[in-house]
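Take a look at the letters that make up each chain.
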Amino acid sequence: MSIEIVNVGKRFGDFVALDDVSVSIPSGRLTALLGPSGGGKSTLLRIIAGLERADTGKVDIEGVDATRLPPQKRNVGFVFQHYAAFKHLTVRRNVAFGLEIRKRPKDEIRGRVDELLALVHLEQFADRLPSQLSGGQRQRMALARALAVEPTVLLLDEPFGALDAKVRKELRDWLRRLHDEVHVTTVFVTHDQEEALEVADEIVVINEGRVEQIGSPDDLYDRPANEFVMRFLGPVTQLGDQLVRPHDLQLSTDPTGIGVLGRVARVTRIGFEIRVDLSTTDGQSVTVTLTRNEFLALGIQVDSEVRVRLAPGSPATTVSAPAARPATPTLAAAG
Amino acid sequence: MAEHSIVTRTQVGRRPGRYVLRAVVTAYLFLLVAWPLYLVARNAFADGFTSLNDILTDPDVTHALRLTVVIAVTAVVINTVFGVGISILLVRYDFPGKRTLNALLDVPLSVSPIVVGLALVLVYGGREGWFGPTLESAGLQIIFATPGMVMATVFVALPLVIREVVPILQEVGDEQEQAARSLGANAVQTFRRITLPAIKWGVIYGVVLSLARSLGEFGAVKVVSGNVLGETRTATLVVEEKYLNFDKGGSYATAFLLALVAVACIIVVSVLRPKEDR
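Chains as they are written, first to last, in UniProt numbering: chain A, 1 to 335; chain B, 1 to 278.
One or more hints might be untrue.
[Claimed, not checked] In silico DSS-like links for lysine-lysine, alpha-carbon gap of 30 Å or less:
1. A/Lys-87 with A/Lys-103
2. A/Lys-87 with B/Lys-248
3. A/Lys-87 with A/Lys-169
4. B/Lys-98 with B/Lys-200
5. A/Lys-169 with A/Lys-106
6. A/Lys-58 with A/Lys-87
7. A/Lys-87 with A/Lys-106
8. A/Lys-73 with B/Lys-248
9. A/Lys-58 with A/Lys-73
10. B/Lys-98 with A/Lys-103
11. A/Lys-106 with B/Lys-98
12. A/Lys-58 with A/Lys-106
[Said to hold, decoys possible] Sample of chain B residues lacking proximity to chain A, with all beta carbon distances greater than 10 Å (derived):
13. Leu-105
14. Gln-178
15. Gln-189
16. Ala-198
These are calculated hints, taken from the structure and not from any lab test.
Predicted model only: the values in this text are computed from it and were never measured.
From the three backbone atoms N, C-alpha and C, an ideal C-beta is built for every residue, glycine too.
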């Protein structure tokens, strides 16, 4: 295990940012810390980097107890949401910074920086200032700068959060490919479940200072540990006292079939999918999403009588209280 | 769009108002600053270069000018080092009493320099001061000597560097510093390579303001210096002395030199200072 976080707690005044968190982050993988803002994921990342000090607990990086080490002795690369570019230095000097601090020979620095600039596709921008780059280019520069020192772990704090949707998607794919090439242990913080599911090998869901679940994207999506994870990772609807995914529900027009009886209240088409809102006989509103072909095959319309049931083998969690809100998970940490 | 249309309206609708305002401000500055300063210069050169020549060959005046420069430069160095240090402390760290310290830093600007002088005499005075006799018996004279004059000058110019640097430090934020730390830089390297270049123009501007203020300090220095001719008399004291002794030419010439240096400093910096500070 590359990063071992044991019983870490952190408060800011009365606010509990992290409450007795323990996580093991595997070597060489791409791990996402996922959760809503203010949930403590960035604080955890900053504690790993040494930019914040834990009140309690222990942090080991590659077998070394780093709990009391200052950031400059941890050999981590850190990438900030707002790039933290050194504004008075050219792209080349930005990337070279860590190597210059380490007093490497000039030739070696030059070679290594050229290599990294090629890796992040910024060769032709080497002599520009950060202010002359776009947001996506600045973030790639920041990444090259962090990688230059050959860090034991690479930490990214909402790295694509400040970029527009299109660039964000490009950089996301690019980060995934880069990681497949470089294989450095990488931890990134995000509040975007789609980003985490798409990019990460392993996801740690953090909410209100606690770990809700740790697992692969498939684990989390198919076997959510609790209601919070279920709600956070994708769309949900309620059928009886079960929380389920709208696309896991099946409709049938056979009045004698199995499932809950309901009446179609509304049909909305969103691109390739059709959303059908039902109202069951006991007055519950249920949302079902279908593909266009499924919808046409059923031949239903508003006011049709249908039966709805959960497709066998689909994930579901039991709703704890009738008024449960997305932000109030009920189960304790699963990790 | 909304913002754009508002801007347009103010530009069109208030154009006459803006010209009136501009004229008022220009006239105000002209009558209060430019014209009086010009008159000082004209009086200094009323007899050509005679007055200037006279004061520059008078050993007492040249001594006073040299003393002024020594005191001002020493005070500026001290204020720059402490000013940058205190600014970083105020912006980057939280500690009990921070607000009090912040408020105290404005005291030197609000207290009359003459009060500052008297206060320093009360503490460091050689005979009756609270601390002075002890220092004097150790062979260190503060009041009526250069150290006291430096202290008085440091006191009155204390907040100038801080007030220039603090807003820049706040605006720059600490992410660049954190990035430098995570890349292996220690505190000193981070300061030299990241923080200092970021606040460079604030420091330079603060230094220039402090220098101008220090060169021109009169009240506090007068109290603590004792105004001994050829020993503790500074340039501003020379101006007063000559003026009171009806040596108008010498007085205006010295005043002109003081004003020239201060104005030159500020002009040089505003020309050098880049439009975008960062």
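Verification of the supplied hints:
For the hint pairing A/Lys-87 with A/Lys-103, the CA-to-CA distance comes to about 22 Å; that is within 30 Å, so the pair holds. As the CA atoms of A/Lys-87 and B/Lys-248 are separated by approximately 53 Å, the hinted pair breaks the 30 Å bound. Between A/Lys-87 and A/Lys-169 the alpha-carbon distance is near 26 Å, which keeps this suggested pair within the 30 Å criterion. At most 30 Å may separate the alpha-carbon atoms for a hinted pair to count; B/Lys-98 and B/Lys-200 meet this at roughly 24 Å.
Of the supplied pair hints, the one linking A/Lys-169 and A/Lys-106 is violated, its CA atoms being roughly 36 Å apart against a limit of 30 Å. With a C-alpha separation of about 35 Å, the suggested pair A/Lys-58 and A/Lys-87 falls outside the 30 Å cut-off, and the hint is violated. With a CA separation close to 22 Å, the supplied pair A/Lys-87 and A/Lys-106 stays within the 30 Å bound. Between A/Lys-73 and B/Lys-248 the alpha-carbon distance is near 67 Å, which puts this suggested pair outside the 30 Å criterion.
Distance restraint check for A/Lys-58 and A/Lys-73: the Cα-Cα separation of roughly 16 Å lies within the 30 Å cut-off, and the hinted pair is therefore satisfied. About 38 Å separates the Cα atoms of B/Lys-98 and A/Lys-103, which puts this hinted pair outside 30 Å; it is violated. Only pairs whose Cα atoms come within 30 Å are accepted, and A/Lys-106 paired with B/Lys-98 is rejected, the gap being roughly 44 Å. As the CA atoms of A/Lys-58 and A/Lys-106 are separated by approximately 38 Å, the hinted pair breaks the 30 Å bound.
With a closest Cβ-Cβ approach of about 26 Å to chain A, B/Leu-105 is found to remain outside the 10 Å limit, as its non-interface label requires. For B/Gln-178, the shortest C-beta to C-beta distance to chain A comes to about 5 Å, within the 10 Å cut-off, and the non-interface label is violated. Once the 10 Å rule is applied to beta carbons, B/Gln-189 is inconsistent with being away from chain A; the minimum gap is 6 Å. Non-interface call for B/Ala-198 relative to chain A: violated, since the shortest CB-CB distance, roughly 7 Å, does not exceed 10 Å.
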